[in-house]
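Enquirer: Chain by chain, the residues:
There are 2 protein chains.
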Amino acid sequence: MKEQFYAYIQNLQDTITSKLEEVDGKARFREDIWERAEGGGGRTRVIENGEVFEKGGVNISAVHGELPELLRKQFGVAHGNFFACGLSLVIHPKSPFVPTVHANWRYFEMYNGDGEIVTQWFGGGQDLTPYYLFDEDAVHFHSVCKKACDAHNNEFYTKFKKTCDEYFWNSHRDEARGVGGLFFDYLKETEEFSIQNRFDFVAEVGNSFLNSYVPIVEKRKKITYTQEHKDWQEVRRGRYVEFNLVHDRGTLFGLKTNGRIESILMSLPPVVQWKYDYHPSEGSEEERLTKILKEPKDWV
Amino acid sequence: MKEQFYAYIQNLQDTITSKLEEVDGKARFREDIWERAEGGGGRTRVIENGEVFEKGGVNISAVHGELPELLRKQFGVAHGNFFACGLSLVIHPKSPFVPTVHANWRYFEMYNGDGEIVTQWFGGGQDLTPYYLFDEDAVHFHSVCKKACDAHNNEFYTKFKKTCDEYFWNSHRDEARGVGGLFFDYLKETEEFSIQNRFDFVAEVGNSFLNSYVPIVEKRKKITYTQEHKDWQEVRRGRYVEFNLVHDRGTLFGLKTNGRIESILMSLPPVVQWKYDYHPSEGSEEERLTKILKEPKDWV
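Here the protein sequences line up with chains A and B, keeping their order. Mapping to our numbering: the first sequence position 65 is 87, numbers consecutive. Mapping to our numbering: the second sequence position 53 is 75, numbers consecutive.
Isolated chain A, as found in the complex:
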């Protein structure tokens, strides 16, 4: 399974970066191959200063070796070896009318002393963070997520949509990071689902990504915007930073286990503002967004 999934995300990285370059029309992804001292490495691809994308990364990695201390504690084991691979992407568009998107699909294996798999699972999901909300964009994004889920199990969408709203919650602000999407973790083999079924599901979700996001970009990328719109985007990006550095388990795990810092922090937006106690004016589009983020909505 690890070979199968790693081959899958290598291909998916190619597909996604090619398409995003085509959409951008100007900037190209820069590639960095890196190695992890303790085992494994990754292929980081970052785009900056594009026509459409101000900054973004589409990264894959496959790492292995002894379980880092943090994971040993989390799993309650004294020692163990692991393998983990995944694709992570975050795209910050230039235009405040094009939403930021994040996605991650990953696979994990843990071994006993004889090198046999003792546990294995998939995790991941994708979520959308608009600065100006076109309801139909949220509906489109969620519809694509739902369709991918429904092809495998009727309960997946409702469940993983809810988990996503709970996970991407900026608790210190009492608001969601964005309008959500899917989030799932510890998808293990069960009587109902073989590990191959799990792979098929995650691959279906991964394959649906471009279709969930690119139509939104195409629809909004040409809208004219002012400095005020841009300021609002940069202020909201501050909340994105707060979530990623204060709450996101993946980011904190990477920072505290000697991950490749620049690959992890590619998720941070290019330009960010923090204004003291800033509130958009009553009845504005900006205020409408903040109200919607206070209470996760059913989009489909």
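Calculated directly from the structure, the hints in this document are not laboratory data. Among the hints, erroneous ones may be present.
Which copy is meant is left open, because identical chains are indistinguishable; a pair holds if it fits in one copy or across any two.
To be verified - 20 Å max Cα-Cα, derived SDA-like pairs, lysine to any residue:
(1) K316 / G281
(2) K116 / Q295
(3) K278 / R195
(4) K210 / N103
(5) K116 / K243
(6) K116 / V161
(7) K24 / A106
(8) K95 / K244
(9) K252 / T37
(10) K297 / E73
(11) K24 / N175
(12) K41 / H162
(13) K24 / K41
(14) K252 / K297
Keep in mind it's a predicted model, so treat the numbers as computed, not measured.
Using the hints, position chain B against chain A.
Expert: Chain B in isolation, oriented as in the chain A frame:
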């Protein structure tokens, strides 16, 4: 002691904000009085878009009530009441040639069931974060810190300077946040030092603050700078955000115990950039700074 210290920081807030307004010459501090549902409150003063100061806050607060769960865990007690007050300031100047400064001086009391003090201590310190380093500024800042320490004990400066270097360490970047200063915590009453001695020391440090910082501001505020200098300042401010949101105990404590978010996050810079894998060119002033931050230096 709590009345004595709270009166002290109220006065100190007035002294510091008046002087900084005078130095800025254009912007004024905006004041927000807030209350904490569980007991106490604060007086937040924030300056924005000044001639010299792009954003800054000089806040005091005095809170009391039942110990928050996080502190009960930390102190290993099942329950207890507390009182805490302090002054916190962070100043982000507009010019990349004027360093950012942070300071905090605080006092804490914990009580038994009869309302008697079971433990009490002072904590705090101040530290300097330059974007372009003039060695003489670091020397000046540390000299003022040392003089305040030496007036009370010959060992304080060496000890609290080292603690400062250790505390303001961006471990995931393997570099210091800035050029340090002082950091001390749990200054309790001992045979050698009465609690009044401790107060006198903290007040000496607090009283020395303007003298440690303002001469640097005055010396550097008129230097002409380019967009490239400003970009570098904004990139380095990213490291400031990373420290405050990932490592700073005070910030995380505030965010996780329902503190007043806008007062806590006034510490975040007004405009910040994250560029992927950015390295200043060899032999540049920017590179010299990053090298110095890798290994804390003795400035006096």
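Enquirer: If a hint holds in the structure, say so; if it does not, say that too.
Expert: Consistency of the hints with the structure:
1. Within a single copy, K316 and G281 get their C-alpha atoms only as close as 33 Å, which misses the 20 Å cut-off; across copies the closest is 19 Å, which meets it.
2. Taking CA atoms no more than 20 Å apart as the test, K116 paired with Q295 passes in both settings, with 15 Å inside one copy and 14 Å between copies.
3. In this assembly of identical chains, the alpha carbons of K278 and R195 lie at most 20 Å apart only when taken from different copies (11 Å versus 24 Å within one copy).
4. For the identical chains of this complex, K210 and N103 are intra-copy neighbours only, at 18 Å inside a copy versus 46 Å across copies, given an alpha-carbon limit of 20 Å.
5. In this assembly of identical chains, the alpha carbons of K116 and K243 lie at most 20 Å apart only when taken from the same copy (9 Å versus 33 Å across copies).
6. For a Cα distance limit of 20 Å, the shortest separation of K116 from V161 qualifies neither inside one copy, at 22 Å, nor across copies, at 42 Å.
7. In this homomeric assembly, K24 and A106 come within 20 Å of each other (Cα to Cα) only inside a single copy, at 8 Å, whereas the closest approach across copies is 53 Å.
8. With identical chains, the CA atoms of K95 and K244 are never at most 20 Å apart, being 49 Å at best within one copy and 53 Å at best between copies.
9. Neither within a single protomer nor between protomers do K252 and T37 lie at most 20 Å apart by alpha-carbon distance, with minima of 30 Å and 37 Å respectively.
10. Taking identical chains as interchangeable, the C-alpha atoms of K297 and E73 lie at most 20 Å apart only when they sit on different chains, with a minimum of 17 Å there against 27 Å within one chain.
11. Taking the shortest Cα distances, K24 and N175 never come within 20 Å of each other, neither inside one copy (23 Å) nor across copies (61 Å).
12. In this assembly of identical chains, the alpha carbons of K41 and H162 lie at most 20 Å apart only when taken from the same copy (19 Å versus 55 Å across copies).
13. Taking the shortest Cα distances, K24 and K41 never come within 20 Å of each other, neither inside one copy (26 Å) nor across copies (63 Å).
14. With identical chains, the CA atoms of K252 and K297 are at most 20 Å apart both within one copy (14 Å) and between copies (18 Å).
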